[in-house]
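> Given next are the chains, with one letter for each unit.
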Amino acid sequence: MTGTAVEAGLKESFVELYDREAGALLAYLRAATGHPADAEDLAAETFLRAWRQWPSFEPTEVPPRHWLLRIAHNLVIDRGRRQARLRWEPLAESPAQAPDTVNRLQLLAAVAQLPDGDREIVALRAAGLTFAEVGEATGRTEGAVKMAWHRAAERLRPNLER
Amino acid sequence: MDDAMLAELDRELHAAARPTDESVRRVRERIQMRLEDEPPQASPQPQPQPQTQPVLRVVESGRRAPYWAVTFAAAACLIAGILAGILGGIVIAPRLGGGSSGGVASVVSLPQPVGQSAVTAPSQGVGAGGGGAGADFGGAPVNSCAGLPSVSVTGRALGATGVGHVEASPGSVSGTLFINLNETGPDAAGTAAALQARITSLQGVLETNGVAKGEARVSSFSINSQQKGPGVSAWQGFAMVQATLPADQMPKAAAEAVKVAGVSGYRTGTIVTGEPSHESVQKAIAAATAQAKDAAASTAKAAGVTLGPLENIVTLPPTFCGYGPQGPDRIVQVSLTYAIK
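Going line by line, the protein sequences match chains V and G.
The first sequence runs -1 to 160 under this note's numbering.
The second sequence runs 243 to 583 under this note's numbering.
It is worth saying that the hints were derived from the structure and are not from the lab.
Using N, Cα and C, we set each Cβ at its ideal position, and we do this for glycine too.
Don't take every hint at face value.
Each pair of labels, with its calculated beta carbon distance range [stated by the list, open to error]: (1) S54/V with E498/G: 44 to 50 Å; (2) P57/V with R459/G: 46 to 52 Å; (3) A454/G with R18/V: 29 to 35 Å; (4) E250/G with A130/V: 57 to 63 Å; (5) A431/G with S54/V: 40 to 46 Å; (6) A476/G with L46/V: 21 to 27 Å.
Starting from the given sequences, assemble the full structure and let the hints guide the process.
Next up, the structure:
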């Protein structure tokens, strides 16, 4: 197979991966950052990092979604470190949005305020992982994941009772 | 917190986190732009075969070959080496002992041309089970796409495998051409309009060079600001046009496309093909048979043995063996087994 054909095949399979996993990854990042625009930036960065490793990636060793979520998780941590050094000024005016949208953005913002461990679990749930899969991805037991989920839910309760 | 509340949280969370289609599309465009510029690391590029040094490989099976067999094999190897040298040979890989008849087996592979990609032969396409003469030529390496013959001698039988290329039927191979366009301007609207004009111009060129009307489509279009300090210094537009066309028209279409202003590069994509025609398969079988016969005759002559009657013929159906410059390569293999007098 020529180099061009190999590269074309890699690109094609990678674009397929994107189409399959982008929704889950963006959902994870939206929940983990609480910020849709940042989620897009981090999603793009995640896929670019994944692209660099794509030729050597072995889907038999780790499911592609877990692999992408791990890359994204590291980027979220880096972002957290960067943000700790920055001061954010709220915009004077935000564009008008539907109440549902506002509530959901507030829910995402509240998720982003959770302690790191709980937030990770909530974000992975948002990405569509089962409790067992979340446990596998975070190295916890399913029971521990469910406990953290309950704890996070208590903190998020005010956002549901609006 | 009760289960109903937890279920509601799950629902709300999924609804809040679910990205819009627009968001998925935006990220996709950003990534696609970068994929064009940035090759993946550790890309498994095919390695050309080493060409300057001969390779001698001796494989011992469960039963050790007797001294006389080793001596005989060394002599056979020498003869094979001379033959390979005459034919420009490089690789000699003799195999000793362990055959079903307990005799000596030697395998001669002719060299690959420089730069030929090392394509692994399909497993079913390697050698042939020459059952008629009780011989086993299963280990004969055939560099499928290279179209090179192989010869094996086991006991009192000689097997030769020839390879024939199956030519693609005209029109059965098609490919996709991806063309990148760039435009830079002082404002977003002007840049977008100029980029669109370039796209239209490119589509016109493609349609006069083998691309059916409406088949040159824009698969990506984006305008991005270039920041300099606190302000925007310029706007940069990027578009990708994708066109499907017959493979034989691809080189000309690409050559014409790159002349369009704003085109910054192109690549060819996946090439698909239909089944080869009956005629092209028959032609390839004839070529493979002739090659096997020649290889058997020349090896026998060089080894000082006389070929007996043809005892077995095995023809393998066309198999895919990799991609060549014109698209997928297919080969057929024909194995002939002769008795040695």
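> For every hint, state whether the structure bears it out.
Structure-based check of each hint:
1. The given range of 44 to 50 Å is broken by S54/V and E498/G, whose C-beta atoms sit roughly 38 Å from each other.
2. For the hinted restraint 46 to 52 Å between P57/V and R459/G, the CB-CB distance of approximately 31 Å leaves it violated.
3. A hinted range of 29 to 35 Å for the beta carbons of A454/G and R18/V is consistent with their spacing of about 30 Å.
4. The given range of 57 to 63 Å is broken by E250/G and A130/V, whose C-beta atoms sit roughly 22 Å from each other.
5. Evaluation of the 40 to 46 Å hint for A431/G and S54/V yields a pass: the beta carbon distance comes to about 43 Å.
6. In this structure the hint that A476/G and L46/V lie 21 to 27 Å apart at CB holds, the actual value being about 23 Å.
The structure shown violates the earlier hints numbered 1, 2 and 4.
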